[in-house]
Amino acid sequence: AQSVTQLDSQVPVFEEAPVELRCNYSSSVSVYLFWYVQYPNQGLQLLLKYLSGSTLVKGINGFEAEFNKSQTSFHLRKPSVHISDTAEYFCAVNPGTYKYIFGTGTRLKVLA
Amino acid sequence: DVKVTQSSRYLVKRTGEKVFLECVQDMDHENMFWYRQDPGLGLRLIYFSYDVKMKEKGDIPEGYSVSREKKERFSLILESASTNQTSMYLCASSLLQGALETQYFGPGTRLLVL
Numbered sequence: 001a002q003s004v005t006q007l008d009s010q011v012p013v014f015e016e017a018p019v020e021l022r023c024n025y026s027s028s029v030s031v032y033l034f035w036y037v038q039y040p041n042q043g044l045q046l047l048l049k050y051l052s053g054s055t056l057v058k059g060i061n062g063f064e065a066e067f068n069k070s071q072t073s074f075h076l077r078k079p080s081v082h083i084s085d086t087a088e089y090f091c092a093v094n095p096g097t098y099k100y101i102f103g104t105g106t107r108l109k110v111l112a
Numbered sequence: 001d002v003k004v005t006q007s008s009r010y011l012v013k014r015t016g017e018k019v020f021l022e023c024v025q026d027m028d029h030e031n032m033f034w035y036r037q038d039p040g041l042g043l044r045l046i047y048f049s050y051d052v053k054m055k056e057k058g059d060i061p062e063g064y065s066v067s068r069e070k071k072e073r074f075s076l077i078l079e080s081a082s083t084n085q086t087s088m089y090l091c092a093s094s095l096l097q098g099a100l101e102t103q104y105f106g107p108g109t110r111l112l113v114l
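Chain order of the listed sequences is A and B. With the numbering used here applied, the first sequence closes on residue 112, and no number is skipped along the way. With the numbering used here applied, the second sequence closes on residue 114, and no number is skipped along the way.
This is chain A alone, in the form it adopts within the complex:
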């Protein structure tokens, strides 16, 4: 069975500092990988996804993620965060069906 682990429930970071949000997954089959963002009082929106090809994926708002098959990781990074990046971030996997498995989320708090 597939599972997703987001070890950090909260990550505080100062504005303009870099950030990395960690995501590890377990699966016996190939999966597709996603990062979603949820701003306060809103639904989730897609940041980026890895389906195949280059292991470095660029998304919206300056975020990027790197797929590492040997480490079964898909960490999200941004070189310089803004206050407006304060949100909850969800990693998700999909084995190629309708079903997504979501992680428990990481709250990013950007401090002035």
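I should point out that these hints are in silico values taken from the structure, not numbers from a laboratory. These figures come from a predicted structure and were not determined experimentally. Hints are not guaranteed to be accurate.
Once the Cα atoms are required to be at most 25 Å apart in a straight line, the calculated DSS-like pairs of lysine-lysine come out as [to be verified]:
id, chain 1, residue 1, chain 2, residue 2
1, A, K69, A, K99
2, B, K3, B, K55
3, B, K55, B, K70
4, A, K58, A, K99
5, A, K99, B, K57
6, B, K55, A, K99
7, A, K69, A, K109
8, A, K99, B, K3
9, B, K53, B, K70
10, A, K99, B, K53
11, B, K71, B, K57
12, A, K49, A, K99
13, B, K70, A, K99
14, B, K71, A, K99
15, B, K71, B, K55
16, B, K18, B, K70
17, B, K55, B, K18
18, A, K69, A, K49
19, A, K49, B, K3
20, B, K57, B, K18
21, B, K53, B, K18
With chain A fixed as given, assemble chain B onto it according to the hints.
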């Protein structure tokens, strides 16, 4: 832009009441989903529908039912609300099945059962 709307942002109901949560999408998507979001648990799939009148159970269907009479509308029903169903409910839709299709989410309904 795809739009997924949910009938209420906040709801307060009493234990034992029948509760209807409605979701409408305006992009002719085939698939619609209901998730429940709880702190520390992430999103969990309650039900999924891949066509009108078609549905499949997700990971936590107990205590819930769904209805899809029209393609654009997917309703979640709590037959007899209980306090442990207090949660945030998120609806999503996608054009086709599979990971190639992005899921589009509504803003969520925060339900409090007293």
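Taking the hints in turn, this is what the structure says about them:
1. K69/A to K99/A: Holds - the C-alpha atoms of K99/A and K69/A are around 21 Å apart, at most 25 Å.
2. K3/B to K55/B: holds, 21 Å
3. K55/B to K70/B: holds, 13 Å
4. K58/A to K99/A: holds, 23 Å
5. K99/A to K57/B: holds, 11 Å
6. K55/B to K99/A: holds, 13 Å
7. K69/A to K109/A: The hint is violated at about 29 Å.
8. K99/A to K3/B: Roughly 21 Å between the alpha carbons, so the hint for K99/A and K3/B holds.
9. K53/B to K70/B: OK: K53/B and K70/B at ~8 Å, within 25 Å.
10. K99/A to K53/B: holds, 19 Å
11. K71/B to K57/B: holds, 18 Å
12. K49/A to K99/A: Measuring from Cα to Cα gives roughly 15 Å; hence the hint holds.
13. K70/B to K99/A: Between K70/B and K99/A the Cα gap is close to 22 Å, so the pair holds against 25 Å.
14. K71/B to K99/A: Holds, because 19 Å separates the two Cα atoms, which is no more than 25 Å.
15. K71/B to K55/B: The hint holds at about 12 Å.
16. K18/B to K70/B: OK: K18/B and K70/B at ~21 Å, within 25 Å.
17. K55/B to K18/B: holds, 20 Å
18. K69/A to K49/A: holds, 15 Å
19. K49/A to K3/B: Measuring from Cα to Cα gives roughly 20 Å; hence the hint holds.
20. K57/B to K18/B: holds, 20 Å
21. K53/B to K18/B: holds, 21 Å
In summary, the one numbered hint that this structure violates is 7.
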